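We have chain A already, so just place chain B on it with the hints.
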Amino acid sequence: MGNDVVLKTPISEDEIRKLKAGDTIYVTGTMVTARDEAHKELLHMKNSGQEIPVDLNGLALYHCGPIIKKENDEWKVVAAGPTTSARMEMFEADFIKAFKVRVIIGKGGLGPKTTKACQEYGAVYAAFTGGAAIIAANAIRRVKNVYLLEKLGMPEALWVFEVERFGPLTVAIDTHGTNLFEIVSKEVEENISKVYKMVGIENE
Amino acid sequence: MNNSLNNLEKIIEDSIVEGLRLAATHLPTDVSDALKKEYSNESGNVAKVQLEAIIKNFELADELKLPICQDTGVVAFFVKLGENFPVKAKLKDILIKATERATKEVPLRPNAVDLFKGNTKTNVGLRGHIPWIYWEIVPGDDLEVIVMPKGGGSSNVSRLGMLTPGVGIKGIKKFVIDTVAKAGAKGCPPYIVGVGIGGGEDMCMTLAKKALLRKIGERHPDPKIAEMEEELLSALNKLGIGVMGLGDGNAVLDVHIEIMARHPASLPVGVVLSCWALRHSYVKVTKDGKVTLSDHIP
Numbered sequence: 018m019g020n021d022v023v024l025k026t027p028i029s030e031d032e033i034r035k036l037k038a039g040d041t042i043y044v045t046g047t048m049v050t051a052r053d054e055a056h057k058e059l060l061h062m063k064n065s066g067q068e069i070p071v072d073l074n075g076l077a078l079y080h081c082g083p084i085i086k087k088e089n090d091e092w093k094v095v096a097a098g099p100t101t102s103a104r105m106e107m108f109e110a111d112f113i114k115a116f117k118v119r120v121i122i123g124k125g126g127l128g129p130k131t132t133k134a135c136q137e138y139g140a141v142y143a144a145f146t147g148g149a150a151i152i153a154a155n156a157i158r159r160v161k162n163v164y165l166l167e168k169l170g171m172p173e174a175l176w177v178f179e180v181e182r183f184g185p186l187t188v189a190i191d192t193h194g195t196n197l198f199e200i201v202s203k204e205v206e207e208n209i210s211k212v213y214k215m216v217g218i219e220n221e
Numbered sequence: 009m010n011n012s013l014n015n016l017e018k019i020i021e022d023s024i025v026e027g028l029r030l031a032a033t034h035l036p037t038d039v040s041d042a043l044k045k046e047y048s049n050e051s052g053n054v055a056k057v058q059l060e061a062i063i064k065n066f067e068l069a070d071e072l073k074l075p076i077c078q079d080t081g082v083v084a085f086f087v088k089l090g091e092n093f094p095v096k097a098k099l100k101d102i103l104i105k106a107t108e109r110a111t112k113e114v115p116l117r118p119n120a121v122d123l124f125k126g127n128t129k130t131n132v133g134l135r136g137h138i139p140w141i142y143w144e145i146v147p148g149d150d151l152e153v154i155v156m157p158k159g160g161g162s163s164n165v166s167r168l169g170m171l172t173p174g175v176g177i178k179g180i181k182k183f184v185i186d187t188v189a190k191a192g193a194k195g196c197p198p199y200i201v202g203v204g205i206g207g208g209e210d211m212c213m214t215l216a217k218k219a220l221l222r223k224i225g226e227r228h229p230d231p232k233i234a235e236m237e238e239e240l241l242s243a244l245n246k247l248g249i250g251v252m253g254l255g256d257g258n259a260v261l262d263v264h265i266e267i268m269a270r271h272p273a274s275l276p277v278g279v280v281l282s283c284w285a286l287r288h289s290y291v292k293v294t295k296d297g298k299v300t301l302s303d304h305i306p
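These protein sequences, in sequence, are chains A and B.
Here the working numbering is used: the first residue of the first sequence is 18, the next is one more, and so on.
Here the working numbering is used: the first residue of the second sequence is 9, the next is one more, and so on.
These are computed hints drawn from the structure, not numbers from a lab.
If you're wondering where the values come from, they're calculated on a predicted model, not measured in any experiment.
Not one of these hints is a red herring.
Derived coverage of chain A by chain B (criterion: at least 3 residues anywhere in the stretch with Cβ under 8 angstroms from a Cβ of chain B; other residues may be distant):
1. 123–135
2. 170–178
3. 197–205
4. 211–217
Quick reminder that beta carbons are idealized off the backbone N, C-alpha and C, glycines included.
With the rest of the complex left out, here is chain A (with noise of 0.2 angstroms):
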């Protein structure tokens, strides 16, 4: 596998384009997450002419729906680890193209619509381990802001955290057209056969 990179936002097109699928990278400086109501409510925003509350361009967005709690009129991250990306592939692509996210953060992958909006516009896709809540939770230094908390509840809002090293992260779609997660899929469906093969199902 590629190299260790650690990207500091506000990160640049350049920078982006320079990695490549199965790299191992760390994002340190400002991520926000956004799962499937925050996504629909940006778009939604940005199409009737509204300004979103936090501009996007060149950070890290996360698939994320953390636990978080208030102490002493703090917030406090106590478990926020990656949701299942598929459910944004409907949105992802229009979302790069209106707020120049840089990397996309989850877990189990995106589809090539999502590939396609990556090699356009420079962003990527980076997995993180499904459940590690822990280790995400101790690369969030703080949190920054939240929006739309009242309107979404607290997994769907806009929680606005400040990073360090947070990782590590596979990057699966690059700005080349290569997404692992496909080519896995794509894998899975060749060896369906032999399975069946395994089992005692012939000519399926």
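Leaving out everything else, chain B in the frame of chain A:
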């Protein structure tokens, strides 16, 4: 009498809060052992990096008494109520109260979302169903509760198949293989695969979920079913999904199958997947208020 009954109710509530805490923060030993074994048997770098993060994460969670995963799931309770246990009808309210308390005290992520009113913020649904409770009345004096929170990622890739009986056992195997292949990376592999065969559309899914509570590595007592479990386990790991769906290492830790009788016209198959963070705890309260709390289901 009234006083001691109130006391017992408080003891149940407190011990269920602790059961929810244990389930969220501590991986049962059979699951953590299985993951460590995978790590030591694994030679591929990609799988090793992922497994190392998984192990480091659950060890930290244990040490810090924090949830292993931020998705602390939707809560289900499997209740065995001894016929002579003094608290009966009030139990549901006590389990609900304990869930609300654990949501604040552990804390758990609020995961109960009402279709029209949004997140309830308490992990308790507005319509009396969530947390979900499976009831069983048994002989004896004790209350036994298995606490099982289950995350959304692996539930989303679980499937029901109402197969045509003619497809037989081969058809069942194919459905299981197709389900895991389709799940791919989405539900946080390595998976534990629960399979429920028979009953009806609802019963087979419940049976599949219950099958996840069996210890990893433990085979079904019926040798025919045990053989099918072993066969599917090795076949599924040849799909090439890998740890975290990155194509390297084993994507399935175990397959547990349970069966029940079916309607002659139906062959229902439920496949319930669990992510690597298969969480549960066991709480027993005697009628005198003695509490046992464990990560192991006896």
